[in-house]
Amino acid sequence: MEVGRVSQTAKKQAGLLLDEALIFERSRPGRRGFAVPGGSEDPGKFLPADLLRGPIDGFPEVSEPEVLRHFLRLSQWNLGTATTFYPLGSCTMKYNPVANEAVARLAGFAGLHPLVPDEGAQGALELIWELERMLAEVSGMDAVSLQPAAGAQGELTGMKMIRAYHVDHGRARRKVLIPASAHGTNPASAALCGYSTVQVEGNRIGLIDASAVRRAMDDEVAALMITNPNTLGLFEREIVQVAEAVHERGGLVYLDGANLNALMGVAKPAHMGADVMQINLHKTFSTPHGGGGPGSGPVGVRDVLEPYLPTPRLLRDGERWRWSEDHPKSIGRVRSFHGNFGMLVRAFAYILALGGDGLTQATRMAVLSANYIRRRLEATYQLAFPAVCMHECVFSDKGFEATGVKTLDIAKRLLDHGFYAPTIYFPLVVSGALMIEPTETESKETLDEFIAAMLAIAREAHETPDVVRNAPTQTPVGRLDEARAARRPVLRWTPRSSAEG
Amino acid sequence: MLDVVGVPDVTDLFTDVPQELRARAAVNLAPGLSEQEVRARLEQLATRNTAAQRHCFLGAGTYPHFVPAVVDQVLQRAEFYSAYTPYQPEVSQGTLQAIFEFQTLVAMLLGMEVANASMYDGASATAEAVLMALRIQPKRSRVVLSRALHPQYREVVRTYATVAGGDGAHHADLVEAPVAGDGRTDIDRLANSVNDRTAAVVVGYPNFFGVVEDLDTIGALAHAHGALLVTATAEATALGLLKPPGAFGADIAVAEGQSLGVPMSYGGPGVGLFATRSDFVRMMPGRLVGEAADGGGRRGYVLTLATREQHIRREKATSNICTNHGLIALAVTVYLSTVGKAGLRELAIANTAAAHRAAERLATTGKWQQQFSAPFFNEFVVRGVNAAAAWEAARARGVLAGVPLRRWYPELSETLMLCVTETHDAAAVDALIAALS
Numbered sequence: 001m002e003v004g005r006v007s008q009t010a011k012k013q014a015g016l017l018l019d020e021a022l023i024f025e026r027s028r029p030g031r032r033g034f035a036v037p038g039g040s041e042d043p044g045k046f047l048p049a050d051l052l053r054g055p056i057d058g059f060p061e062v063s064e065p066e067v068l069r070h071f072l073r074l075s076q077w078n079l080g081t082a083t084t085f086y087p088l089g090s091c092t093m094k095y096n097p098v099a100n101e102a103v104a105r106l107a108g109f110a111g112l113h114p115l116v117p118d119e120g121a122q123g124a125l126e127l128i129w130e131l132e133r134m135l136a137e138v139s140g141m142d143a144v145s146l147q148p149a150a151g152a153q154g155e156l157t158g159m160k161m162i163r164a165y166h167v168d169h170g171r172a173r174r175k176v177l178i179p180a181s182a183h184g185t186n187p188a189s190a191a192l193c194g195y196s197t198v199q200v201e202g203n204r205i206g207l208i209d210a211s212a213v214r215r216a217m218d219d220e221v222a223a224l225m226i227t228n229p230n231t232l233g234l235f236e237r238e239i240v241q242v243a244e245a246v247h248e249r250g251g252l253v254y255l256d257g258a259n260l261n262a263l264m265g266v267a268k269p270a271h272m273g274a275d276v277m278q279i280n281l282h283k284t285f286s287t288p289h290g291g292g293g294p295g296s297g298p299v300g301v302r303d304v305l306e307p308y309l310p311t312p313r314l315l316r317d318g319e320r321w322r323w324s325e326d327h328p329k330s331i332g333r334v335r336s337f338h339g340n341f342g343m344l345v346r347a348f349a350y351i352l353a354l355g356g357d358g359l360t361q362a363t364r365m366a367v368l369s370a371n372y373i374r375r376r377l378e379a380t381y382q383l384a385f386p387a388v389c390m391h392e393c394v395f396s397d398k399g400f401e402a403t404g405v406k407t408l409d410i411a412k413r414l415l416d417h418g419f420y421a422p423t424i425y426f427p428l429v430v431s432g433a434l435m436i437e438p439t440e441t442e443s444k445e446t447l448d449e450f451i452a453a454m455l456a457i458a459r460e461a462h463e464t465p466d467v468v469r470n471a472p473t474q475t476p477v478g479r480l481d482e483a484r485a486a487r488r489p490v491l492r493w494t495p496r497s498s499a500e501g
Numbered sequence: 001m002l003d004v005v006g007v008p009d010v011t012d013l014f015t016d017v018p019q020e021l022r023a024r025a026a027v028n029l030a031p032g033l034s035e036q037e038v039r040a041r042l043e044q045l046a047t048r049n050t051a052a053q054r055h056c057f058l059g060a061g062t063y064p065h066f067v068p069a070v071v072d073q074v075l076q077r078a079e080f081y082s083a084y085t086p087y088q089p090e091v092s093q094g095t096l097q098a099i100f101e102f103q104t105l106v107a108m109l110l111g112m113e114v115a116n117a118s119m120y121d122g123a124s125a126t127a128e129a130v131l132m133a134l135r136i137q138p139k140r141s142r143v144v145l146s147r148a149l150h151p152q153y154r155e156v157v158r159t160y161a162t163v164a165g166g167d168g169a170h171h172a173d174l175v176e177a178p179v180a181g182d183g184r185t186d187i188d189r190l191a192n193s194v195n196d197r198t199a200a201v202v203v204g205y206p207n208f209f210g211v212v213e214d215l216d217t218i219g220a221l222a223h224a225h226g227a228l229l230v231t232a233t234a235e236a237t238a239l240g241l242l243k244p245p246g247a248f249g250a251d252i253a254v255a256e257g258q259s260l261g262v263p264m265s266y267g268g269p270g271v272g273l274f275a276t277r278s279d280f281v282r283m284m285p286g287r288l289v290g291e292a293a294d295g296g297g298r299r300g301y302v303l304t305l306a307t308r309e310q311h312i313r314r315e316k317a318t319s320n321i322c323t324n325h326g327l328i329a330l331a332v333t334v335y336l337s338t339v340g341k342a343g344l345r346e347l348a349i350a351n352t353a354a355a356h357r358a359a360e361r362l363a364t365t366g367k368w369q370q371q372f373s374a375p376f377f378n379e380f381v382v383r384g385v386n387a388a389a390a391w392e393a394a395r396a397r398g399v400l401a402g403v404p405l406r407r408w409y410p411e412l413s414e415t416l417m418l419c420v421t422e423t424h425d426a427a428a429v430d431a432l433i434a435a436l437s
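The listed protein sequences derive, respectively, from chains A and B. Heads up, the first sequence is in the working numbering, so the first residue is 1 and it goes up one at a time. Heads up, the second sequence is in the working numbering, so the first residue is 1 and it goes up one at a time.
I should point out that these hints are in silico values taken from the structure, not numbers from a laboratory. The hints are all genuine.
Straight-line distance between alpha carbons at most 30 Å, and here's what the computed BS3-like set of lysine-lysine pairs gives:
1) A:K329 <-> A:K175
2) A:K444 <-> A:K398
3) B:K139 <-> A:K175
4) A:K45 <-> B:K367
5) A:K175 <-> B:K316
6) A:K45 <-> B:K243
7) A:K329 <-> B:K316
8) B:K316 <-> B:K139
9) B:K316 <-> A:K406
10) A:K406 <-> A:K444
Please take these sequences and the hints and turn them into a complete structure.
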């Protein structure tokens with residue numbers, strides 16, 4: 001049997017480590033896995049021939065069994081939270097309940113067209129309404145929109161609202177304050193709204209002082225974007241005073257809700273002084289990360305910003321719900337239709353299952369797990385800032401300089417030990433950062449195994465550093481040359497005959 | 001664990017949080033439910049979405065299509081859905097290779113050289129295309145949008161590409177080009193709008209009315225003024241039969257991928273397809289997967305060209321987007337692999353045939369006329385007397401007879417836009433004709 005181009009590469013195929021070519025390389029002329037009634041007519045009967053293309057050169061020609069085998073093999077080359085502890089800091093990789101996958105697929109949800117009349121979608125609208133209120137309760141915000149498709153889009157939505165508010169109250173202002181430890185999306189979102197960004201440095205224990213914010217504030221500052229707990233996993237102790245300093249000069253506070261998993265039942269962002277925040281359903285509320293989306297990034301706002309929420313808005317008349325587009329101050333629409341509804345169903349089911357007490361318990365266990373890892377590792381790895389942490393702990397690469405082992409090597413060696421890696425080299429303010437977020441869904445036994453692996457790697461770094469530097473060796477492929485891949489990018493497979501278009 | 005941490009109670013871990021915040025933080029929600037109770041509640045809500053059980057002839061950006069069972073079988077693999085953005089390529093080759101295949105399929109479907117790892121949806125992909133066109137031509141600020149581009153796509157472009165109270169960078173001057181009587185963009189009036197300050201001309205393909213635009217002429221017009229041609233396809237099935245945007249010199253081609261193996265799900269999640277020319281690749285938004293090799297010469301895939309992105313470039317990034325719609329991109333990849341080279345074309349033909357036959361039958365009722373004369377794919381607009389009342393009457397008979405266009409086009413107040421696909425069997429079309437007769 002032919003194996004296509006892959007035979008020219010040196011991939012290994014042994015035991016359970018199965019090799020898999022590209023789907024295009026599995027293709028053989030005339031093979032197929034699909035039939036459609038009425039597909040054999042002459043399209044020229046309906047459309048002018050000069051508008052038409054032929055069959056697409058290079059498109060797969062494979063049978064259904066081959067499709068299934070191909071993608072199941074690919075799935076086996078992936079680690080996910082279902083297979084592996086995934087301590088990726090700042091991403092809240094908690095368990096994605098299987099039950100929620102099932103309810104999102106109910107025909108009444110999955111088969112619903114977005115433009116049906118509202119009265120034919122009352123179940124969906126009630127769900128959206130209830131979820132808006134649940135998120136408002138957790139965050140303390142006055143109103144919530146579920147429109148944004150992802151955390152970054154929620155951020156963009158929030159910053160657009162801040163801009164609209166200022167324009168409405170006189171002028172847009174020019175600047176946005178952002179702590180040095182912030183996610184890169186914060187400055188990128190602010191820039192998209194026409195703002196220049198001003199960095200605010202943290203103090204010696206990694207926190208933002210109200211006095212520093214007060215010094216940076218002037219009448220040109222539209223907003224402060226702040227993450228709490230911050231990306232070092234520390235609660236911003238002066239958050240209330242920080243927000244006051246911003247509000248005193250007429251600015252608004254954008255709270256990046258990426259770390260909400262540390263706050264449920266502990267502190268509500270609205271009480272901290274946040275005017276607007278995004279809530280990442282794929283982090284705190286257990287919807288799957290999907291290998292990089294789809295996520296969902298609802299925004300919550302205080303009442304002063306409610307008129308600017310994106311359209312459409314959901315309204316309630318007695319026991320009926322309806323969409324409304326007529327909101328003259330709204331920033332407008334950020335995506336088509338009604339948000340990532342399939343993700344909303346999953347998050348709603350999650351909150352129903354946990355209830356208020358369960359959410360609070362989730363936060364407590366997430367914070368306990370992070371502190372357990374912190375305490376067990378802090379004698380071996382240097383903490384970025386030695387303090388009780390919230391839902392994640394951050395270590396630096398200090399102490400490993402003499403070994404030649406770098407943060408990247410430690411991350412790669414963890415893969416050999418059967419774990420996904422922490423977030424590395426972020427936040428940027430920590431040298432060689434290793435950011436570990438265990439979440440509440442891992443057992444103590446799993447945490448102990450992970451800790452044992454981290455301790456073993458530290459020993460290896462000092463005793464046999466090459467073992468760490470040459471990792472991983474137990475994975476389907478070894479370390480890939482990313483620099484070369486970027487220098488001469490190959491971003492697609494190309495048919496041997498001429499490409500179309 | 002508490003002993004190791006050194007606190008008597010878990011609440012002692014929160015002493016950094018001011019007491020005034022903790023005192024008010026209780027989450028006042030109903031007690032948790034068992035799996036069985038949650039399921040019952042969700043089933044009850046799903047049942048109240050009565051429209052999901054009707055004959056649905058709605059399109060307008062979300063399309064009813066058959067999804068082979070193998071697609072969801074793959075999507076339910078937790079190795080795929082419970083992974084994150086593939087930061088560690090050695091243990092993410094499944095996601096990475098699938099996205100590399102997705103990028104290839106999208107590029108071929110749109111007839112373009114290169115595609116990214118996907119965007120949120122067709123609307124935000126269109127908005128990102130406009131921002132990209134403005135980045136490529138920083139001295140130009142005008143963007144001409146066809147009025148026959150999906151109304152929600154136009155709205156999202158406005159949200160993304162204009163800045164309240166703004167006039168400098170990040171603020172586009174948006175101009176709309178009207179629709180001609182045949183349902184295509186009015187070329188003469190488009191010509192009046194395009195000038196040497198125009199960064200891009202954006203048209204739907206097929207456009208919102210299901211009509212096939214004259215991309216040859218529009219592309220030539222845009223390029224004559226140095227503007228980019230941007231096309232947005234809401235119904236991607238059409239590209240199984242219609243010449244792709246790349247064949248007409250499109251500079252950026254985007255699409256909504258929902259038609260390709262994704263349930264309607266009340267409009268989301270879908271997936272944005274985004275493709276361009278090779279020489280623009282470093283101006284592109286979003287994630288990209290590229291081929292790489294390990295030390296032993298084994299082929300693998302990695303995220304690449306990340307220096308465009310927000311986590312490195314911060315405020316100078318090409319977009320604020322962090323991820324893509326990875327799992328939906330996977331659905332599209334499995335779907336297109338299954339449907340395949342012959343199947344996709346046959347499917348597009350079946351859609352064309354079904355819609356044209358339904359349109360003919362509707363015309364023979366004597367009550368409805370085709371609004372537009374230009375060629376169409378699987379959607380078409382009909383005009384009748386008192387369309388709103390007819391639509392209500394059809395609904396009473398269990399038929400959702402298309403989208404009344406008055407919501408977006410007051411000048412088309414007596415029209416319905418109908419979508420007919422391979423999912424509508426003879427009985428469904430009979431029900432439609434009867435309901436509108």
